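Heads up: the protein sequence lines correspond to chains A and B, in order. For the first sequence, this note's numbering begins at 2 and goes up steadily by one. For the second sequence, this note's numbering begins at 9 and goes up steadily by one.
Note that these hints are calculated values from the structure, not bench results. It should be emphasised that the depicted structure is a prediction, and the values quoted were computed from it without experimental measurement. Quick reminder that beta carbons are idealized off the backbone N, C-alpha and C, glycines included. Mixed in with the good hints, there may be bad ones.
[Claimed, not checked] What follows is a list of derived Cβ distance ranges for each label pair: (1) A:Asn148 with B:Arg249: 39 to 47 Å; (2) B:Pro230 with A:Arg44: 51 to 59 Å; (3) A:Asn148 with B:Arg422: 20 to 28 Å; (4) B:Asp156 with A:Gly264: 27 to 35 Å.
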Amino acid sequence: MAILADENTTVLVQGITGREGSARAKYMIDYGTRLLCGVTPGRGGNSINGVPVYNTVQEAVEEQGPIDASVIFVPAPQLKPAVFEAIEAGLKMVIVPAERVPLHDALEMIALARRKGCRLFGPGCMGMVTPQKAAVGWLGASVDFANEIFIPGNVGVMSRSGGQTGTVVWSITRTGIGISTAIHIGTEPVIGTNFADVLPLFEEDENTRAVVLFGEIGTVAEEEAAEVIKEGGFSKPLVAYIAGRTMPSGMRFSHASAIIERGRGTAESKVKALKAAGAHVVDTPQEIATTLAGLL
Amino acid sequence: MPKLLEYQGKRLLKEMGIPVPLGDVASTPEEALRIATEIGKPVAVKAQIGVTGRFKAGGIKFADTPDEAKKAAAGLLGKDIKGARVNKVLVEERLDVEREMYAGIIVNDSYKVRSPVLMFSTRGGVDIEEIAAEDPDSVVSLSIDVLDGLSIEEVRSLVSRFNIPLPLISSLSEIVHGLYRVFRGYSARSAEMNPLVLTINGKILPADCRIVIDEASVFKHPDLEIDFPRDISREPTELERIAWRVEAEDYRGTGYFVQLAEGFGPGEGYVGFHGLGGGGAMLGADALMRHGLKLANYAESSGNPTASKVYRVVKLVFSQPDIDAFVLMGAMVANQEQWHHAHALVRALKEELISRPGFPVVILIAGNKEKESLEILRNGLSGLPARIEIYGRDYVYNVDFIAERVKELSEEYRRT
Chain A
2 MAILADENTT
12 VLVQGITGRE
22 GSARAKYMID
32 YGTRLLCGVT
42 PGRGGNSING
52 VPVYNTVQEA
62 VEEQGPIDAS
72 VIFVPAPQLK
82 PAVFEAIEAG
92 LKMVIVPAER
102 VPLHDALEMI
112 ALARRKGCRL
122 FGPGCMGMVT
132 PQKAAVGWLG
142 ASVDFANEIF
152 IPGNVGVMSR
162 SGGQTGTVVW
172 SITRTGIGIS
182 TAIHIGTEPV
192 IGTNFADVLP
202 LFEEDENTRA
212 VVLFGEIGTV
222 AEEEAAEVIK
232 EGGFSKPLVA
242 YIAGRTMPSG
252 MRFSHASAII
262 ERGRGTAESK
272 VKALKAAGAH
282 VVDTPQEIAT
292 TLAGLL
Chain B
9 MPKLLEYQGK
19 RLLKEMGIPV
29 PLGDVASTPE
39 EALRIATEIG
49 KPVAVKAQIG
59 VTGRFKAGGI
69 KFADTPDEAK
79 KAAAGLLGKD
89 IKGARVNKVL
99 VEERLDVERE
109 MYAGIIVNDS
119 YKVRSPVLMF
129 STRGGVDIEE
139 IAAEDPDSVV
149 SLSIDVLDGL
159 SIEEVRSLVS
169 RFNIPLPLIS
179 SLSEIVHGLY
189 RVFRGYSARS
199 AEMNPLVLTI
209 NGKILPADCR
219 IVIDEASVFK
229 HPDLEIDFPR
239 DISREPTELE
249 RIAWRVEAED
259 YRGTGYFVQL
269 AEGFGPGEGY
279 VGFHGLGGGG
289 AMLGADALMR
299 HGLKLANYAE
309 SSGNPTASKV
319 YRVVKLVFSQ
329 PDIDAFVLMG
339 AMVANQEQWH
349 HAHALVRALK
359 EELISRPGFP
369 VVILIAGNKE
379 KESLEILRNG
389 LSGLPARIEI
399 YGRDYVYNVD
409 FIAERVKELS
419 EEYRRT
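With the rest of the complex left out, here is chain A (with noise of 0.2 Å):
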């Protein structure tokens, strides 16, 4: 068991035939992921790692049956077209890796999603992996790095670093203590799906025992996630690491949600609220593992 994506998840890749694409593609693929078909406009009725591109999404659809989730790697300019696409097909798990992506074009993508009952990761989301069953966009990057790092168990992850959530789970796997699913929700200032959003999911999902959350400042994420646990969507024990405490507001750090603004995002407001709502909050990296190992 895992969430949102496992052996039986079936994925296609608009911009497929890009540099992006392709490459992410093979990844997932060699990864074992079940990729039917990639989509770029004008290049339908050709094929790129054995998979056949189509002209639309809906196309795509037509030919393949249902397909449960796309990974858009499509430039920021030419994003909210695909993505839309890729909604109005009737796809229920969309995923946008792209950073840096307008604000206004964010929230158009959200509003739609929201209105057909898409599930839409980021932007600015890596996507997931469940541990040898699906890679579902670039998450692991490689199959030997990924194969690697990712040992099925279960402890869920969610991240809003891309990087520090294959770091999260390459130190919690080196201890032993497995995943079943992980997932970067994504950088950008507004994005589709939250932790509030997961944890739910891991709540149900009988694999999960115990979560860990790699937070940051900036945004009302991680409150949220604490309003889930304090109102009973989420009783699984949590591990919870902020960064960005020692860092000035006003000031946007890498990440285009990374600043303390209004007022709002600051660390002690997050380990202040997780604390209140029983989550087990580390000081450094390095505790993670060690408080996870103790709960399970």
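Given chain A's structure and the hints, the job is docking chain B onto it.
Leaving out everything else, chain B in the frame of chain A:
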């Protein structure tokens, strides 16, 4: 921060048909005199700076005559207010205030909202967060579905919840609806009129406005002439401007650089900081500060940047001549092939360290092609007259150890 100055924001409001106070912007006392003469009544002379709390800091002066306006402008222009240099003043008719209100649209990232929210209050003049905390009954709000847009009827029914005379409801609704069109038209993160003033003559005018453009959308609006589209709430430094050009000229990967301290001298213990990956850089910076180190800057590279981009970021860090150590905090098991970073570091450090005998350098780098990268670094940096320590994946989350090493080496360096 791509935050528009008051006069720039008011120009956008005016273009959208929103009435704004009579006035214009001046760069010299003489221009201020001319504008005040044209207005022909008492004016306010307002420093155009991107910081809040301007009035309390002495950035707004009132003048009854054009001569007084000239004097007020002379007093403000060239002055530093809360760290911002006053290059322009807005000379504007002084409003006779009957009441102060607030209207604003702010994007709300909450998972329950994820949309712009229109807020209106019959109180104004202080931050909306403060108004909402003090007097929640004076605030109404409405989440906006960006696909449907916002209709003037929706605005009207929102503001009609207060006892506002009917003739005013219409003009107020049009003004607030205009604000939404500015918000959408210019890809704003937030657009606020505060205070929105009702004058004793029954006119509604924005006395001040604050519009923040989305950093990722600045390219869509060249007419705004935003030369530094970064979310920093102070004036950028020269090095930050160069860093922005490094980023803008090469779209591959991210190279980020901001200064956290300025004006320090040698031996004061400031560390040149370069982290890898957004989250890793932040947690690494936290560890250094937790161990009592002072960071001169925060630099970060990620997303598989080219070696040339990484090289330029390292060079920027070393453009702070009085740093007492350099740390590459790669607190991540990176997906990207790390040898691009290794090559860039070798080239930049060879150039920089030759003239800095004994200078401490601590490098932590791990992830894809780690073995090769460590070899490139060890070979490339051998023989340099600096104190260089290089660490791999066993130390990725042992950032406290790395911080201790930086601390010890920089203290030794300062003693010599």
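*Given the range 51 to 59 Å, decide if the beta-carbon distance of B:Pro230 to A:Arg44 lies inside it.*
violated, 32 Å
Do the beta carbons of A:Asn148 and B:Arg249 sit within 39 to 47 Å of each other?
holds, 44 Å
Could you check the hint for me, namely that B:Asp156 and A:Gly264 are 27 to 35 Å apart, CB to CB? holds, 31 Å
At the C-beta level, are A:Asn148 and B:Arg422 separated by a distance inside 20 to 28 Å?
-> violated, 46 Å
In summary, the numbered hints that this structure violates are 2 and 3.
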